[in-house]
Structures are given as C-alpha cells and as structure tokens.
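**Q** Listed below, chain by chain, are the residues.
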Amino acid sequence: MTEHDHDHARTFQPDHAEPNSDGARIGLALRELLIEAGHYTAGAEQAVIAAMQAASPKDGGRIVAKAWTDPAYKARLLSNGADAIRELGYEIEPYEFTVMENDASTHNVIVCTLCSCYPRSLLGMSPAWYKSASYRARVVREPRSVLAEFGVELSDDIDVRVHDSTAELRYMVLPQQPEKTDGWSEEKLASLITRDSLIGTQRVLRTD
Amino acid sequence: MSDARFQVGQRVRIADRTPPVHHRVPGYAKGQVGLIERVCGLHGEPEKFIRGDGKPEQRIYRVQIPQDELWDEYTGTSRDQLEIEIFEHWLESAE
Chain A
1 MTEHDHDHAR
11 TFQPDHAEPN
21 SDGARIGLAL
31 RELLIEAGHY
41 TAGAEQAVIA
51 AMQAASPKDG
61 GRIVAKAWTD
71 PAYKARLLSN
81 GADAIRELGY
91 EIEPYEFTVM
101 ENDASTHNVI
111 VCTLCSCYPR
121 SLLGMSPAWY
131 KSASYRARVV
141 REPRSVLAEF
151 GVELSDDIDV
161 RVHDSTAELR
171 YMVLPQQPEK
181 TDGWSEEKLA
191 SLITRDSLIG
201 TQRVLRTD
Chain B
1 MSDARFQVGQ
11 RVRIADRTPP
21 VHHRVPGYAK
31 GQVGLIERVC
41 GLHGEPEKFI
51 RGDGKPEQRI
61 YRVQIPQDEL
71 WDEYTGTSRD
81 QLEIEIFEHW
91 LESAE
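Top line first, the protein sequences correspond to chains A and B. Counting along the first sequence from 1, when you hit position 124 you're at 124 in the working numbering, and nothing is skipped either side. Counting along the second sequence from 1, when you hit position 9 you're at 9 in the working numbering, and nothing is skipped either side.
Hints were generated in silico from the structure; no laboratory data involved. Beta carbons are placed, not taken as given, at the ideal position from N, Cα and C, and that holds for glycine. Some hints here could point you the wrong way.
[Unchecked claim] Cβ-Cβ distance ranges computed for the label pairs, FRET-style:
| # | chain 1 | residue 1 | chain 2 | residue 2 | range |
| --- | --- | --- | --- | --- | --- |
| 1 | A | R25 | B | L42 | 46 to 52 Å |
| 2 | B | A94 | A | S185 | 45 to 51 Å |
| 3 | A | R206 | B | F49 | 42 to 48 Å |
| 4 | B | R5 | A | E87 | 45 to 51 Å |
| 5 | A | S21 | B | L42 | 44 to 50 Å |
| 6 | A | T41 | B | R38 | 19 to 25 Å |
| 7 | A | L33 | B | D53 | 43 to 49 Å |
| 8 | B | G54 | A | E186 | 41 to 47 Å |
| 9 | B | S78 | A | S21 | 41 to 47 Å |
| 10 | A | L33 | B | F49 | 16 to 22 Å |
| 11 | B | G54 | A | A37 | 27 to 33 Å |
| 12 | A | R206 | B | D72 | 22 to 28 Å |
| 13 | B | K48 | A | L34 | 34 to 40 Å |
[Unchecked claim] From the derived model, a few chain A residues whose C-beta atoms are all more than 10 Å from chain B:
| # | residue |
| --- | --- |
| 14 | P57 |
| 15 | Y73 |
| 16 | A75 |
| 17 | P143 |
| 18 | R144 |
| 19 | R161 |
| 20 | A167 |
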C-alpha cells in the first residue's frame, strides 16, 4: 500500500472504455471523486447500468401488444404513459412517459436535439444513430427525407409529428397494428414490434 | 400543484434569449410561436442549479409549431408539426 491507498477495485468499471480524450478523463476522475466522497456508490451505479442493459425494446413490444388488444389499457397508456407502464410491472425513471399513437393519417417520430434523451429504463440503450449529430439535426428540419432514408415513405396525406424530447418527458411511439393480425395472441403480436417502430423510424411492421 | 398559466390550444411565444447557463430550449425554437399541445407536470428546471439555487419546480408544456413556419425551405406539408417541451418561464401569450 502506498499513501494512495483508496480501493480502485471499488470504483473500477470494466465496461468503461479506456479514456482517450481529456473530456473522458475528466469524466472518469469526477466519477471516482463523487464515489470516494460518498455521493453514491460504485455498486449503485452498476445496478443502474445493469437495469438499463436488462431493459430492451421487447418490453416496449409487450406494452404495445397489450394496448392493441385492450382498448381500456390503450386509453390509459395514451393519457398517462408512466402509470400504465408501471401497471405492467416495469420500474421506470420518474419522467413523464408520453406515448404517441400512429394512425392512418399520422406518423410520429422521436428525437432529442439537445443531447440524446431516450427512455433507456424501458427500452434499453439507444441506437448509435439516435445519438448522432446528423439524425438530431436533420430529423427536425427534414423529417420526411430522414424517414425515407429509413425506408419510411410517407405520402402527403400522412401528417408528420416530430417530438423533440428536450426536458423531462420521455417518449415512445405506439405503432399501428398490422393488417390481418386480429385475434393474434399478445405474445405473438409483441414479437412483431421492433425498436425502430417505437422510435418512429419504422412505420409498417412485418408479419412474415 | 400550482395552477397552469397557459391552457391547451393557447397561442404562445417561446422567449428568444440565451442565458449563460444550461437550459433546455434549442436555438431553432427560440422566438417561435406555437400552440400549447398539452399541459404537463411540474419539474425541476435546471437554469438556477449552477448558482446553487437547486432545481425549483416549474410547469412544463408541450408546444406545437407548424414545421413550415419553423423552416424557410420546409418541403413537407403545411400540416406537419414539431412538438417540444418548454418550461413555463420561457413562454408568453401570443394571442
């Protein structure tokens, strides 16, 4: 032991990349200081990371399938998303959870132009493109072009609503139920739902 | 909960200012006029935090702005909308 005797094992995070920029080094140093000063523990941080990694778009799919098959649940989900999601047993962060419904004449898409806010506690980690400067800058300005690049071609009779997640709300799109799936089980319906359809960069769900 | 100053459907203007602290209004929305899409809850607003004043709770609203009013060269339709969360102290009535 040297005089530098605090326990690095206590703060070491194997899933952090080796810092290779000044910003990253400062971030890691700040994190270690906060942990050493007792503001939070490495264990608490690991638990948050584990919870976010355990969350996945499958959870969003289960919620959507429930909404498709239970109109009363869908109404609750659209009016108070957070409560309706907790009803199914999910622990989510204390944000207002806002569910936006696609229909024949509306397409919703989510972005956070300021940073990369994403409902990680429900849907898991966000895709790299969601955090890219290009997506964030362009989808507010030219949503139809960006959506076309994702394969979503929208005719002019479908209105686009772009939701910029700038503060304390988190969003999920409720995609349309595909045709010819009436009577399917919730489980089978849930399997159709993709991450991108919950963000709004996919509109039509494949059933084959 | 304190009463909401604005109601759904009310026309509001988003302030055009740039405080030298962390704030949650992107440049493109500053000075824009839109309609209150929904009245949300009270949330800690971040601007006073840096001065050690905590995060006093403020009402958030979702403001809907027509895309073709936001962008000069918008190529979509006149019904396309941008919707954004704005803290109450950034809004004034534009009716």
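**Q** Hint by hint, say whether it matches the structure.
**A** Against the structure, the hints:
1. R25/A / L42/B: 46 to 52 Å: This hint is violated: roughly 37 Å between Cβ atoms.
2. A94/B / S185/A: 45 to 51 Å: holds, 50 Å
3. R206/A / F49/B: 42 to 48 Å: holds, 45 Å
4. R5/B / E87/A: 45 to 51 Å: violated, 31 Å
5. S21/A / L42/B: 44 to 50 Å: The hinted range 44 to 50 Å is violated for S21/A and L42/B, with Cβ atoms some 37 Å apart.
6. T41/A / R38/B: 19 to 25 Å: violated, 38 Å
7. L33/A / D53/B: 43 to 49 Å: Since L33/A and D53/B have Cβ atoms about 23 Å apart, the given range 43 to 49 Å is violated.
8. G54/B / E186/A: 41 to 47 Å: Between G54/B and E186/A, where Cβ atoms are some 44 Å apart, the hint holds.
9. S78/B / S21/A: 41 to 47 Å: Given about 44 Å between the Cβ atoms, the range holds.
10. L33/A / F49/B: 16 to 22 Å: holds, 19 Å
11. G54/B / A37/A: 27 to 33 Å: violated, 19 Å
12. R206/A / D72/B: 22 to 28 Å: Since R206/A and D72/B have Cβ atoms about 38 Å apart, the given range 22 to 28 Å is violated.
13. K48/B / L34/A: 34 to 40 Å: The hint (34 to 40 Å, Cβ to Cβ) is violated, given that K48/B and L34/A are roughly 21 Å apart.
14. P57: holds, 23 Å
15. Y73: holds, 20 Å
16. A75: With a cut-off of 10 Å, A75/A remains clear of chain B, as the shortest Cβ separation is near 15 Å.
17. P143: violated, 7 Å
18. R144: violated, 5 Å
19. R161: About 5 Å separates R161/A from the closest Cβ of chain B, which leaves it inside 10 Å; violated.
20. A167: The claim breaks: A167/A does not keep its Cβ more than 10 Å from every Cβ of chain B (closest is about 4 Å).
Taken one by one, the earlier hints fail for this structure at numbers 1, 4, 5, 6, 7, 11, 12, 13, 17, 18, 19 and 20, listed in ascending order.
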